[in-house]
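*Asks:* For the protein sequence lines, the chains are A and B, in the order given.
In terms of numbering that gives the first Met the number 0, the first sequence opens at residue 0 and continues consecutively.
In terms of numbering that gives the first Met the number 0, the second sequence opens at residue 0 and continues consecutively.
In short, the hints are calculated from the structure, not lab data.
Take the hints with a grain of salt, since some may be wrong.
Copies of the same chain look alike in the list, so a pair counts if it fits in one copy or across any two.
[Stated by the list, open to error] Derived pair list, reagent style DSS-like, types lysine-lysine, alpha-carbon separation capped at 25 angstroms:
(1) Lys153 <-> Lys118
(2) Lys37 <-> Lys96
(3) Lys153 <-> Lys141
Protein chains: 2
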Amino acid sequence: MTISTRRAKAAEIASVKEISIKAVWERFSDEQRRELDKEPWSRRIGELFDMMVKKESHRVFIAEDDNQALLGYVWIGEGSNPMTGTNHGYIYDIFVKEEQRRKGIGMRLMEEAERYCRKTEYHEMLLMVAVTNQPAQKLYAKQGFKAEQMYMLKRLT
Amino acid sequence: MTISTRRAKAAEIASVKEISIKAVWERFSDEQRRELDKEPWSRRIGELFDMMVKKESHRVFIAEDDNQALLGYVWIGEGSNPMTGTNHGYIYDIFVKEEQRRKGIGMRLMEEAERYCRKTEYHEMLLMVAVTNQPAQKLYAKQGFKAEQMYMLKRLT
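Given the sequences, and given the hints that come with them, work out the whole structure.
*Replies:* Next up, the structure:
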C-alpha cells in the first residue's frame with residue numbers, strides 16, 4: 000500500500016468535519032456532555048468549523064492509500080499568542096483512522112503541516128493535547144514539540 | 000500580622016497592572032524576548048490589560064496587611080470554551096510577593112476568586128500554569144484543580 004498526502008479537496012472537507020465534530024464530542028467529560036444538548040451543540044460547532052476552516056490561513060491535508068480512501072487528516076491554521084502579540088501555526092485537529100495507526104501516517108501529516116508553517120514563516124507551531132494522552136505526547140515530543148503550559152480545571156458543581 | 004482580602008480599588012489596579020506586565024515579560028523564553036521590542040510590546044500589553052480588566056465580568060482581589068501594604072492579588076474574569084460554547088471563571092493572574100509566600104496568601108486569594116465564580120454561577124474554574132512550575136501545580140491540585148490539556152510547542156527557527 001502506498002500512502003500519499005495532499006491538500007484536501009472541498010468535497011473531502013465534509014468528511015473531515017464529521018470526524019472532527021465526533022472526536023470533540025467524545026473527548027468531553029461526562030459532566031460536560033450532561034450539560035450540553037447534542038443537537039444544538041452539533042449545529043453550533045458545525046458552523047464554527049465552517050467559519051474557521053475556510054479562512055485564508057487554514058489548510059487541511061489528508062493521507063490516502065492507492066484507492067483514494069481517506070486514512071487521516073491534519074487541520075492547521077493561524078493561532079495567536081495574546082501575550083507576545085505574534086502569530087503561529089496551530090494544529091486544530093489531527094486524526095488517523097484506528098486501523099491505520101502506528102504506520103507513520105500521523106508523522107507524514109505533521110510533516111505537511113510543518114512544511115506549510117515554514118512556508119508561511121511562522122516561528123512556532125503549537126498544539127494542544129490531553130494531559131492523560133501520553134502516547135500522543137510521546138509522538139509529538141519525537142517530532143520536536145515541548146510541553147509548555149497546561150490548563151487546570153476545578154468543577155464547582 | 001493580620002492578612003485581609005478585598006476587592007481592589009481603582010487606584011490599586013495600576014500597581015497590579017505593573018506587576019502583571021513585568022511577570023508576563025519574565026515568563027517569556029529568551030527566543031520570545033529576542034523577537035519582541037520591549038517598548039511597543041509594553042504599550043500593547045498595557046492596553047490589552049486595561050481593556051480586559053474593566054470588563055463587567057472581571058474582578059481583582061488583593062491581600063493586604065495591617066498597614067494596607069499590597070501582599071498579592073488575583074485577577075479573575077470570564078473565559079469561554081469554544082468547544083462546549085459555555086463560559087467559566089478564568090484566573091488571568093495570581094501573584095504573591097516573594098517575601099510573603101508560603102503563608103497561605105495565595106490560598107486566601109483563590110478562595111476569593113472561587114467565591115466570586117460560585118456567585119456568578121460558573122460551573123468551572125480554569126487556570127493556566129507552566130508545565131515546569133510544579134510547586135504551583137501542587138498548590139492548585141490541593142485546591143481541587145486537575146490538569147486537563149497542555150500546549151506543546153515547536154520552534155521552527
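*Asks:* Next, verify each hint and record whether it holds.
*Replies:* These are the hints, each one checked on the structure:
1. Proximity of Lys153 to Lys118 under the C-alpha cut-off of 25 angstroms is restricted to the inter-copy arrangement: shortest distance 15 angstroms between copies versus 40 angstroms within a copy.
2. In this assembly of identical chains, the alpha carbons of Lys37 and Lys96 lie at most 25 angstroms apart only when taken from the same copy (24 angstroms versus 46 angstroms across copies).
3. For the identical chains of this complex, Lys153 and Lys141 are inter-copy neighbours only, at 11 angstroms across copies versus 31 angstroms inside a copy, given an alpha-carbon limit of 25 angstroms.
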